[in-house]
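Protein chains in written order, with UniProt numbering: chain A, 1 to 122; chain B, 1 to 702; chain C, 1 to 156.
Don't take every hint at face value.
As the list claims (entries may be wrong) - With a cut-off of at most 30 Å between alpha-carbon atoms, the simulated BS3-like pairs for lysine-lysine come out as follows: (1) C/Lys-48 - B/Lys-526; (2) B/Lys-438 - B/Lys-478; (3) B/Lys-526 - C/Lys-148; (4) B/Lys-470 - B/Lys-488.
To be verified - Computed far set for chain B versus chain A, every beta-carbon distance over 12 Å: (5) Ala-78; (6) Gly-119; (7) Arg-306; (8) Ser-447; (9) Lys-478; (10) Ser-522.
Hints were generated in silico from the structure; no laboratory data involved.
A virtual CB, placed ideally from N, CA and C, is assigned to each residue, including glycine.
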Amino acid sequence: MSIRVLAIDDSRTIREMLRHTLTEGGFEVHVAEDGIDGIEKLPGIAPDVVITDINMPRMDGFGVIDTIRAAAEYAGLPILVLTTESAQDLKDRARRSGATGWIVKPFDDAKLIGTIRRITVA
Amino acid sequence: MSTANDIRQTFFQECDELLEALDDGLSEIDDGIADATFSIDTVNAVFRAVHSIKGGAAAFGLDALVHFAHQFETVLDAMRSGQLQATEEGMKICHRAADHLNDLVAAGRENRELDAGSGPDIAARLAGLVAMPESAPAPTPPVSGEGGFGFAPLSLDLGAITQDSGQTTFVIAFRPHRALYASGNDTALILRELDEMGVLTVEVATEGLPDFDAIEAGEAYLSWTLRLVTEESEGAVRDVFEFVEGMCDLQIEAVADAPAGAEIPLPAAPETPVAAPVGAPPAPPPAPAQSRDKPAEAEGPKATVRVNLDLVDRLINMVGELVINQAVLTQCVKDAGLLDRGDLSTSLAEFRNLARDIQESVMAIRAQSVKPLFQRMARIVREAAELSGKETEFVTEGEATEVDKTIIERLVDPLTHMIRNAVDHGLESPQDRLAAGKPATGRVTLSAAHRSGRVLIEVSDDGAGINRPKVFQIAVEKGLIPPESQLKDAEIDNLLFMPGFSTASQVSNLSGRGVGMDVVRSAIQKLGGRVSIQSQRGKGTTMSISLPLTLAVLDGMVVDVAGQTMVVPITAIVETLRPKPEDIHALGADNLVVSVRNKLVPVIDLGVVFGHRGAPASISDMVVLLVESDSHTSWALAVDQIFDQRQVVIKGLESNYGHVPGVAAATILGDGNIALIIDPEETAHRSGAAIDPGELALLDEV
Amino acid sequence: MTTATHVQPGVRELVTFRVGDQDFCIDIMMVREIRGWSPATILPHAPKYVLGVINLRGSVVPIVDLSARLGLGPSVPDDRHVIVIAVIGTQATGFLVSAVADIIAVDASEVQPTPDVTSEATRNFIEGVIVTRERMLRVLDIQTVLPKVAETAEAS
C-alpha cells in the first residue's frame, strides 16, 4: 500500500506539482482546492498525511488544521503546512496551530518526499 | 500526472485566470472605494491571486516575476490587514502594477527578459505606498533550472567532532511532550530516521510511566537516551528534530569517544531494505534512468480549454448512439428497398463517414501520451534496481504515443509488475553479467508504438532470458503439466502466464506480493489487449502488450450462433475457413479437432458453449473462425454463418448485470437489438477444449 | 419522477402489478418506466429466471422473469406481458410481470408483517403486505429479486 496524501492548495499549478512529484515518489495523491474542499474530501480519502497551503479562499490552512485536530477520529494524522516564507514566525505559528511540520515553497522534490516519509508510517 | 513542461503550461494558464481575477478584484475595489463598500474578501482574493502567481513563478525560476509579485503582494497584504488604506491614488498604482505583472508573465511564458521600461518606476511607487525598501530581496530563494523544480543548495555542517573513520557519535537525550504526539509527530518515526543515519542504540526510561490503569491516551510518559554513530553532521541530526522543537526536551551532544553500548536493534525500521555493513560507504546510487527520446522541444504553450472528463465521456456515449442510429437508419432504408436510390445512398454514406469522423475526433480528446506513465515506470526501475542491487539503465522509446486515458490508467499496475519482473528476474547480477561478457549495467527498455490500429507496448531486458528447464521443472512440480510433456520453447515461456505458476519460491520479495503473470495477463485482457513473451537464452526477454486505441469501439465479426447474433473481435481472428469433412477428426468421446495446414486445432461449437443448442451441430456445415491466444494456442470457433464485419460500439454488461463467462461486453446492432461480444480466450478456456500445452504436444503428434 | 412532491409524509406511492395470480407492488420511486415486452437477447450461463438483455435507449438492461424468480413458475412472455424497469442505486433491471394494475398511495403504517400463510418461496422476497377489502398486496423487496450473477454462473 502506498502512502495516501491529500494535498490542499488553491493554486492549480502547485496542485499539479505536488501531484506530479508525489506520484513520481510512489505516493497515492489526492488533491483539494481549498480548506472546505479538503475537509469534505477527508473522510472519503482517509489520507495518511495532509499537506495544506495556508492562504486559501473559504477556509485557510489554519482552519484545516483546527478542524482536523478537533476531530477525534483524525488524532495523530500528520499535517504538513506549505509556506512560501521560511520565516521563523510562520514556522512557529504552524507549530502552535498543531501542524506536524512544514514545507517551504518552492519545494525541492527530494526534500518534500523525504519530509513526508519522515512523518508517516510506511 | 503531468510532466514539468505540462505543469509549466498549467502555471501560465492559471496565471491568465489569476490576472483576470486580479483585474476584476481591483475594479471592484475601485467601485467601492468612495463609500468603502468593497468587501475584505475581495482584497483577500486580490492578494491570493498575486501570491499564487509568486508561488508558481518561484518554482519555475522566474526571478523577475517573483521579485515584483512579492513587492506587489506586500502592498496588498498591508491593505488586507488594514495597515494601508485603499485610496484612489493607491489603486491607480495597483492597476499599473497588475499591468506590469501581466507583462512579466508574458515575458516568462516566452522565456525572454522584459525590458526595464516602466518596471522600476512602478516598483518604486509600490514601495512608496508601504515605505518598504524598493530593493527588498524576495524571501524565496530563486530556483534555477528551466522547467525543473530544482534543488535547493544543501549546506554541509562539518563542525562536529569527527573520528578517524569520519564518523561522529552523538548522545541525544530526548523527552517528548504531549504536544509532540498531538501535532501528529511520532517518536517511532524520529527513531527510524536516526536509525537510517547510522548505528543507533536506544535506551528507554520508563520511570515516568504510571500504573497501567492511569495511562492516558495522548499523554507522553517516556524519555529516551539515544546514541548515534553516524557520518552525518550535527546539523543533519538536529534536522531530524526540526518539527518537534519546542515540543520536547532535547539535548544533542557530539562525544569524542564512543564506548560500545549494548546494541539494541530498533524494531521500527521497516524501510531499511538491506542491512548495510556499518561504516561502509553508501552504496552507489543506481544508474540514473535515461531517456533516449529527445527532450521535448521548447514549444510554445498550445491554446487549450479545460473540460470536465464527464462531459467528454457523455459526448463519447452520445456519438456512440449516433453511430448506432446511423446503422439503424441504413437498415430501415435498406428494408424499405430505397437503397438503390442514388441520392439517398450517397447521403447515407456521407452520414456514416461524418459519424465516424466525429467519433474519431471525440476519441482523440481522451487520448493522452504515455509519457507520464513511462516516467512513473522510471521510478519503478530505480526502486527495483536499488532493492535488487542491479545497476540498471532505463530506456524509453515512443513516449509521445497516445492512448485512451482509461487504458493508460489501467496499465499502471500490470506494467509496474512487468517492469519489476524485468529488473528482478530478467537481469542478472552485475557479477553474472560481467562473467557472461556483458556490461555490468543491465538495460530495461520500455517502448510504445502504434501498429495497425493498435498500440504495442514492449518491456524488454537484456538479461539472461528465460531459464526454460527451470520453468518446466517448476510447472511439473506445481502439477501444471505432466512430467513427460514435450513442450516447445514458446510453450514453456507461456507457462509463466499460467495461474498458479508464480509462488513465493519463484518470486522474490521484490516483484512478488503473490501476484503472478497470470494476473498481469488478465488485467491486459480486460482492456481488450494481449500479452506475449519472447525470450532468447543469454540475450534477454521481451514482453509485448498489444492494446486497442480505445475502449469504446472494436472491429467485430457479426456471426450467427444457433440463431443468436453474436460478435467476435476481429483482432482475435487469424482466419476464417469452411473445413472439408476430411479435415475434421474426432478426438476422444466428444472432442473434435480440425486440421489446418497440418496443425490440429480443437473445435469449439459456440452454440453449445453458450447453451444456444443442446447437441453439437455438424461442423462440416459450419464456418470456423480460427482464433489465436496470446500464448499462441489456437482454437477453431464454429459458428453457423458470418453476417457482417463492422465496427461496433462496446456496451458494458457489468453496470446493470455482471460478468457473463465467455462474454466480453455487448453491443447494439443496426436493428436496435443487443448482440453479445465474445471473449474468445475465456470461451475456449471454459469450453473445456482449452487444452494445456502438454495435451497440445500430443495433438501435434497425431 | 416528480410525483413525490404532493405526497404526504408517511405516505408511500406504490406501483401494483400481477405476477401469475398474485398481486405485488413496489415503491414508485424505484420505477423508471413501464414498457411492453419485446424479445431479449439471451444471456449465456444466466440463471433460468433471467430472460436476457434488452436495449433501453442505449444501455444494456437485464430482464428478470419475476414469476420464475418468485418461485411461481416460469412465464411464457407474450404481447400482454409488461416490463417494469426499476433502478436500484445505479443499476437498472427490467422485471417481466403479467400486467400492471395501478398506482396507489398508502400510509406506511398500513404495511403489515408478512403473514405465515404466504408460501415459503415468496416470503423471502417480500418486505410486508397490504390488505385491502378485495386483495392482498405483497410489497416486493426489490433487492432480493435482483439476479445473483456470481452464484449461478456455473449453474448451467
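Results of checking the hints against the structure:
As the CA atoms of C/Lys-48 and B/Lys-526 are separated by approximately 27 Å, the hinted pair is consistent with the 30 Å bound. Our distance criterion of 30 Å between C-alpha atoms is broken by B/Lys-438 and B/Lys-478, whose separation comes to about 34 Å. Taking the CA atoms of B/Lys-526 and C/Lys-148, the gap is near 22 Å; set against the 30 Å cutoff, the hint holds. Using a Cα cut-off of 30 Å, the hinted pair B/Lys-470 and B/Lys-488 holds, with the two alpha carbons roughly 14 Å apart.
Every Cβ of chain A is farther than 12 Å from the Cβ of B/Ala-78; the closest lies at roughly 15 Å, confirming the non-interface assignment. No Cβ of chain A approaches the Cβ of B/Gly-119 within 12 Å, the least distance being about 22 Å, so the stated non-interface status holds. In this structure B/Arg-306 is not separated from chain A by more than 12 Å, as the shortest Cβ-Cβ distance comes to only about 9 Å. Against the 12 Å criterion, B/Ser-447 stays outside the reach of chain A, whose nearest CB is about 20 Å from its own CB.
Against chain A, the non-interface label of B/Lys-478 holds: every CB pair exceeds 12 Å, the least being about 29 Å. At roughly 22 Å, the least C-beta separation between B/Ser-522 and chain A is larger than 12 Å, which holds for a residue marked as non-interface.
Violation of the numbered hints given earlier is confined to hints 2, 7; the remaining hints are satisfied by the structure.
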